[in-house]
Amino acid sequence: MHKNQYSNRLFCIILLASPLMFISCIKEENNTLNHLPVARYTVNPARGENNTQFVFDATGVSDAEDLASQLQICWDWDNDGFYDTDFTTEKTSTHQYNATGIYFPLMLVRDTKGMKDSIRHMVVVVSDLSNQPPAMPAYITPPNWQSWMEPEVIFKWTCSDPENDEITFDLWTGRSAEAMFPAATGISEFNMENGRKVYQTTHAGFELKKTYYWQIYAKDVAGNYTAGPVWRFTTRPE
-11 MHKNQYSNRL FCIILLASPL MFISCIKEEN NTLNHLPVAR YTVNPARGEN NTQFVFDATG
49 VSDAEDLASQ LQICWDWDND GFYDTDFTTE KTSTHQYNAT GIYFPLMLVR DTKGMKDSIR
109 HMVVVVSDLS NQPPAMPAYI TPPNWQSWME PEVIFKWTCS DPENDEITFD LWTGRSAEAM
169 FPAATGISEF NMENGRKVYQ TTHAGFELKK TYYWQIYAKD VAGNYTAGPV WRFTTRPE
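Under this note's numbering, the first residue of the sequence shown carries the number -11, and numbering increases by one thereafter.
Everything labelled a hint here was simulated from the structure, so no lab data went into it. Do not rely on the hints blindly, as some may be mistaken.
To be verified - Derived DEER-like restraints, expressed as beta-carbon distance ranges:
(1) 197 to 151: 40 to 50 angstroms
(2) 224 to 108: 53 to 63 angstroms
(3) 77 to 182: 56 to 66 angstroms
(4) 28 to 209: 11 to 21 angstroms
(5) 78 to 129: 25 to 35 angstroms
(6) 21 to 41: 25 to 35 angstroms
(7) 217 to 100: 32 to 42 angstroms
(8) 166 to 224: 23 to 33 angstroms
(9) 108 to 197: 26 to 36 angstroms
(10) 41 to 224: 48 to 58 angstroms
(11) 126 to 67: 24 to 34 angstroms
(12) 89 to 120: 12 to 22 angstroms
(13) 68 to 193: 44 to 54 angstroms
Even for Gly, the Cβ is constructed at its ideal location relative to N, Cα and C.
Make a model of the complete structure from these sequences and hints.
Have a look at this one:
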């Protein structure tokens, strides 16, 4: 009697276990994940003239499933939304810019399953390499991580130039550090405070109960472009 009860219980366990084992195998097969590749590149030099050959190196791209040699990349030299090269597994390239300015070349990487990632860096093309860039802007207000900000924000900072060149500034803002864009350009307004120039601009239109990132870029007469640190603030609740 005990033996039959044991056999019945064992039979039930096998019947219950077998479907579970089968389902488990199917689930594992159907949930194989393909991860996004990781876009990385370096540019050398990061500052040059019109005749400078900039060397772009994307050998640092990686992927959890594919070898780096299998990953394909393409380049958008002007970051205008139109890619200037076809996809290729060749990871290095050179490019020359024909006009003085600030460029943000974008690199797109694609894995063998079609998953993509992108990254951009800043390249500065100047008229005179012997001219030194402005110092990094030093922010005064709003303080980093400041909360309860109004939708209209007054930004203040100081900055200097080694050769005392005239400097103008651009204010970049965005909902993330990667999504910042120029909100105001060519800023030159300043007040004298304690014997130093304090530059400032006022920008409105920030939404309530949101976090924003901001950054000041300093530009001199030769086209040098110096980035300040990335700070953030949060607007007040409604």
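Tell me if the beta carbons of residue 108 and residue 197 are separated by a distance inside 26 to 36 angstroms. Between residue 108 and residue 197, where Cβ atoms are some 29 angstroms apart, the hint holds.
Using the Cβ atoms, figure out if residue 21 sits within 25 to 35 angstroms of residue 41. Violated: the Cβ-Cβ distance is about 40 angstroms, outside 25 to 35 angstroms.
Given a hinted range of 56 to 66 angstroms, is it respected by the beta-carbon distance of residue 77 and residue 182? For residue 77 and residue 182 the Cβ distance comes to about 58 angstroms; the hint holds.
Within 44 to 54 angstroms or not, the Cβ separation of residue 68 and residue 193? About 25 angstroms separates the Cβ atoms of residue 68 and residue 193, which means 44 to 54 angstroms is violated.
Can you let me know if the beta-carbon spacing of residue 166 and residue 224 is within 23 to 33 angstroms? holds, 25 angstroms
Taking the Cβ atom of residue 197 and the Cβ atom of residue 151, is their distance within the range 40 to 50 angstroms? holds, 44 angstroms
At the C-beta level, are residue 126 and residue 67 separated by a distance inside 24 to 34 angstroms? holds, 28 angstroms
Within 12 to 22 angstroms: is that where the Cβ-Cβ distance between residue 89 and residue 120 falls? Cβ of residue 89 to Cβ of residue 120: about 18 angstroms, so the range 12 to 22 angstroms holds.
Kindly confirm whether 11 to 21 angstroms is satisfied by the beta carbon distance between residue 28 and residue 209. At 34 angstroms between Cβs, range violated.
Given a hint of 53 to 63 angstroms, does the C-beta separation of residue 224 and residue 108 actually sit inside it? Cβ of residue 224 to Cβ of residue 108: about 32 angstroms, so the range 53 to 63 angstroms is violated.
Do the Cβ positions of residue 217 and residue 100 conform to the proposed distance bound of 32 to 42 angstroms? holds, 38 angstroms
Taking the Cβ atom of residue 41 and the Cβ atom of residue 224, is their distance within the range 48 to 58 angstroms? holds, 50 angstroms
This entry does not satisfy hints 2, 4, 5, 6, 13, going by the numbered hints stated previously.
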